[in-house]
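Throw the hints in and build the complete structure from the sequences for me.
Quick note, the sequences are listed as chains F and Y, same order.
Numbering (our numbering) for the first sequence: 1 to 332.
Numbering (our numbering) for the second sequence: 1001 to 1283.
Among the hints, erroneous ones may be present.
Covered by chain Y, according to a simulated footprint, are these stretches of chain F (three or more residues, beta-carbon under 8 Å) [to be verified]:
hint : segment
1    : 29-43
2    : 126-135
3    : 196-203
Here are some, though not all, of the chain F residues that point toward chain Y, as calculated from beta-carbon distances under 8 Å [to be verified]:
hint : residue
4    : V206
5    : D226
6    : M227
7    : R229
Keep in mind the hints are simulated off the structure, nothing from the lab.
Computed from a prediction, not measured in an experiment: that's the story for all the values here.
Each residue gets a CB set at the ideal place from its N, CA and C atoms; glycine is no exception.
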Amino acid sequence: MLSAAPGKKPPPAVTMVAAGGLLLAAMVVAVAFGSVRLGPGQVFDGLFDRGDPVARQIVWQLRVPRVLVAALVGANLGLAGVLLQGITRNPLADPHILGFSAGAGLAAIAVLVIAPGTPVGLVAPAAFLGSMASAAVVYALAWRGGISPVRFALSGVAVAALFTALSTAVIATSDLFTQATLSFLAGGLFGRDWSHFEQLWPYTVVAGSLTLVAAGWLNILALGDDMARGLGLRVERVRLMLAVLAAVLTGSAVAVSGLLAFIGLVVPHAARLVAGNDYRVVMPLAAILGAALLVVADTFARVVLAPIELPVGIVTAVVGAPAFLLLVRTRT
Amino acid sequence: MSGGAAPLLEVRDLCVRYGSRTAVDGVGLQVGRGEIVALIGPNGSGKSSLLRAIGRMRKPDAGSVRFEGTDIWRVGAREYARRVAFLPQAPEAPSDLTVEELAWRGRFPHRGLLAAASKADRTAVEGAIAQCGLEALRGRPLATLSGGERQRAWIGLALAQEPELLLLDEPTTFLDIGHQQELLGLLTRLNEARGLTIVMVMHDIAQAAHVADRLVAMQGGRVLVDGAPTEVVTAERIEVLFGASVTVLRHPESGAPIVVPAAFLRGGQASRDLDRVTSEDGQ
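Written out as structure tokens, the structure is:
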């Protein structure tokens, strides 16, 4: 049992460098491969926005922004997963399961199906607001003079079920079932470009940085509410702040990618398996691993049935479920 | 006990309510620097609620808790945590957390969120590890420790906080007699060596009487009696507190009171009743 030998964790710096290298490699591969075959020279020129105009268009306008968007979405979901698992002290928590993204689905579907005339540009803001709203509902339902982690998890599951049912109801009663709706529900990155990148990166940078600062609080919260209070942590305030960060990270990600399952669930476990229990290491590692995982999954989604694309959400679920089971079995 | 100066801890007219239930009902209590005080009483008597109020786990509904004369809710949570450590009854932690990592968590109230470990941090952690006899266990995950070792590791965390007052909620409840003795020995040593003031909730009256300078017996949210163990532990009081009929003996060496159930003593009231019942059956 290798995983049962703690204290033998590699130094955090080594872990980060290795994970960073993994992410970089994933991004290089992702830019190099696609439904259109390009030579290394064309890809290289494309990276500097020069050379053959078609290759340049494919590399610089299609692949690079999409890979970057995938990395940001993956990082956001990985961080949100760590935050939610930390807040609830529940290894099964993730933005999807706790209803933090369910509102995004409902809002996006409402826009796409009920008001099909709405400009597509409004889908992302609606999804963001929907996600924030469902997170707020989960939090409000869990509040009774304070948040108990168990109550938080249970209200999340209930809200997720409710919002998903409402989304299904809207789809089932509408004749306008569009491709866009399906791809939003399954989670996909088809056609994501620089505008999506520009829309997303400020959230990742700001909320992500705050998350890294807040990692020390999660270390204390992990000792239970009483112990955390005894150590001078203002438990309710910190939990609210961390939940807001998780909501912002989730909302901004799903607004761009749709409802991607499993990243937020699997990545924190993988990060803890490698880095142990110190959230100051787990947090940045989860961001990097989440980014790498989604970049790889998205490349797979683009290439495996080319020229047809799979929604990447299906890939993350198909790969994520067995990976999760494997992690759970080796850990316990 | 200190003379003219304010006591280290002073509880005045404290009330704590949970919904319609009043857990602590107008309690007054003073604890001097260097004392060991044990809170005893039946389940639901309010002793844990009182301890939690002292530990700043919960705001009182009325009355106040003062530390060196200042209301504890007028100082910040972190500032209070630098002077008072609280150990809940069954604290939880990630199972792969090591003893040393746990002790480091005790430095939280002393450190900035992003500050690197200072020399003072290291000294405090090492001191805590040494005083709790955790040197050999420092790299071990909590999940691999015995109950007694784990409890010592938690005390290590509390000591790394460098508190003046240590609050413990039934620290010996889940331990066998050997580990109970070891833990109480540790607490006594810390009290003597560091002048650490200790207030703890205890279930076992004999243990409480053995280790504490003072016992505070609670019933129905109020203090029934507060005094030296020999004053507090009498057969009448235990009967009133717990509804148990007991005999109080003396420890042959220390003179500390020991409580035993009357029914187990030949000639006690309960066994006489039993004799009567049997003889009546026989006729």
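How the hints compare with the structure:
Look at the segment 29-43 of chain F against chain Y: 0 of its residues bring a Cβ nearer than 8 Å to a Cβ of that chain, fewer than three, so the hint is violated. With 0 residues having a beta carbon nearer than 8 Å to a beta carbon of chain Y, the segment 126-135 of chain F misses the requirement of three or more and the stated coverage is violated. Three residues within the 8 Å Cβ limit are the bar, and the segment 196-203 of chain F against chain Y gives 0, so the coverage statement is violated. For V206(F), the interface hint is violated, since its Cβ never comes within 8 Å of a Cβ in chain Y; the closest pair sits about 17 Å apart.
Below 8 Å, beta-carbon pairs count as interface contacts, and D226(F) has one with chain Y at about 4 Å; its hint therefore holds. Annotation: M227(F) was flagged as interfacial toward chain Y, and the flag holds, the nearest CB pair being 5 Å apart, inside 8 Å. With 8 Å as the threshold, the beta carbon of R229(F) comes within range of chain Y, its nearest partner Cβ sitting at about 5 Å, so the hint holds.
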